[in-house]
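Fit chain B to the known structure of chain A by using the hints.
There are 2 protein chains.
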Amino acid sequence: MSTTQNKKIAEELIALNTNIFLWNREHIEKSFNINGKTKEGELTVRQFHVLTFIKNGGMHTVLEISNWFNISKSSMSIMISKLEKNGYLRKEQASDTDDGRKMYFYLTEKGMTAVTEAEERVLETVAGCFSSLDEEKQEKVYTHLQELNRILKAGGLGE
Amino acid sequence: MSTTQNKKIAEELIALNTNIFLWNREHIEKSFNINGKTKEGELTVRQFHVLTFIKNGGMHTVLEISNWFNISKSSMSIMISKLEKNGYLRKEQASDTDDGRKMYFYLTEKGMTAVTEAEERVLETVAGCFSSLDEEKQEKVYTHLQELNRILKAGGLGE
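In order, the protein sequences belong to chains A and B. Under the working numbering, the first residue of the first sequence carries the number 15, and numbering increases by one thereafter. Under the working numbering, the first residue of the second sequence carries the number 15, and numbering increases by one thereafter.
Keep in mind that the hints were calculated from the coordinates and are not lab data. Do not rely on the hints blindly, as some may be mistaken.
Copies of the same chain look alike in the list, so a pair counts if it works inside one copy or between any two.
With a cut-off of at most 30 angstroms between alpha-carbon atoms, the simulated DSBU-like pairs for lysine-lysine come out as follows [said to hold, decoys possible]:
(1) Lys21 / Lys124
(2) Lys124 / Lys22
(3) Lys96 / Lys21
(4) Lys105 / Lys116
(5) Lys167 / Lys105
(6) Lys99 / Lys21
(7) Lys154 / Lys96
(8) Lys96 / Lys124
(9) Lys22 / Lys69
(10) Lys154 / Lys21
(11) Lys22 / Lys44
(12) Lys21 / Lys69
(13) Lys116 / Lys151
One chain only, chain A, in its complex shape (with noise of 0.2 angstroms):
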């Protein structure tokens, strides 16, 4: 019976994993750029995650940020060359003991700017979805979402 509960816990899982994904296109992305169609100084969504993990993981290379983003090296290259062309990025070169060659990247002004713009526009728009809740169910949304966090953020789950 308890794997059964297990399998049925994992289905739910898996299914919220794919009710977020499209609760965030209907939802938040719409507030970013479509890509390809970059207005000036608007970001899309890939370059907001990308200005996003630079800001909280500070100075990186594009090898680091492809690898996280499990995307291949040249297009990452090419995004972050873009950021650096319209001033949301800086490259300064390693210091440590490599052969000079490796560049990191980090956020300019511009870009701690754009990236905190874009996340208080996030905020609103989410916060704007539960507005019309009434309190009693606003609180158990917030409880259930507390919960889940603090289950998924032990990562280990019964470790």
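Only chain B this time, still in chain A's reference frame:
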């Protein structure tokens, strides 16, 4: 006060997004091939996602698939060609009223088997993560997941 609650919910939902991403990275993606080091007959995560999308949605053009995944058409073309070469996908000329150059891709039997096997493997892996929880905790996790799925699937959230 309701606005504060909304923001708190939004923060938790955004955190859940990140936690699920990291949880997948830690527990699921390791059971797939790492990009660029594909062993014969094994899928990368990205290939798995593309094949699952085609499995669930029927025939698609490269443009439709690349739009869905927010990936450039040229990158997606390379991936689709590889999947076709490896026997997971087959293409068919569009029979509708366009100029006849449009190609639709659909799963072969090999593709269908590969996706189904990978889906089962993911399900087993996820289920395994919850096996050491006691029954009461399992029941709680299940309830939280179910409730959130119901809410997110409704999509509108009070609309």
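Consistency of the hints with the structure:
1. For the homomeric pair Lys21 and Lys124, the shortest alpha-carbon distance between copies (26 angstroms) is at most 30 angstroms, but the shortest distance inside one copy (47 angstroms) is not.
2. With identical chains, the CA atoms of Lys124 and Lys22 are at most 30 angstroms apart between copies only, with a shortest distance of 27 angstroms across copies and 46 angstroms within one.
3. For the homomeric pair Lys96 and Lys21, neither the shortest alpha-carbon distance inside one copy (44 angstroms) nor that between copies (33 angstroms) is at most 30 angstroms.
4. Taking CA atoms no more than 30 angstroms apart as the test, Lys105 paired with Lys116 passes inside one copy only; the shortest distance there is 10 angstroms, against 42 angstroms between copies.
5. In this assembly of identical chains, Lys167 and Lys105 lie within 30 angstroms of each other by CA distance neither inside one copy nor across copies; the values are 32 angstroms within and 42 angstroms between.
6. For the homomeric pair Lys99 and Lys21, neither the shortest alpha-carbon distance inside one copy (48 angstroms) nor that between copies (34 angstroms) is at most 30 angstroms.
7. In this assembly of identical chains, the alpha carbons of Lys154 and Lys96 never lie at most 30 angstroms apart, being 43 angstroms within a copy and 46 angstroms across copies at closest.
8. For a Cα distance limit of 30 angstroms, the shortest separation of Lys96 from Lys124 inside one copy, 14 angstroms, qualifies, whereas the shortest one across copies, 39 angstroms, does not.
9. For the homomeric pair Lys22 and Lys69, the shortest alpha-carbon distance between copies (22 angstroms) is at most 30 angstroms, but the shortest distance inside one copy (37 angstroms) is not.
10. Taking the shortest Cα distances, Lys154 and Lys21 sit within 30 angstroms of each other both inside one copy (25 angstroms) and across copies (14 angstroms).
11. In this assembly of identical chains, the alpha carbons of Lys22 and Lys44 lie at most 30 angstroms apart only when taken from different copies (22 angstroms versus 32 angstroms within one copy).
12. Only between protomers do Lys21 and Lys69 lie at most 30 angstroms apart by alpha-carbon distance; the minimum there is 22 angstroms, versus 37 angstroms within a single protomer.
13. With identical chains, the CA atoms of Lys116 and Lys151 are never at most 30 angstroms apart, being 52 angstroms at best within one copy and 48 angstroms at best between copies.
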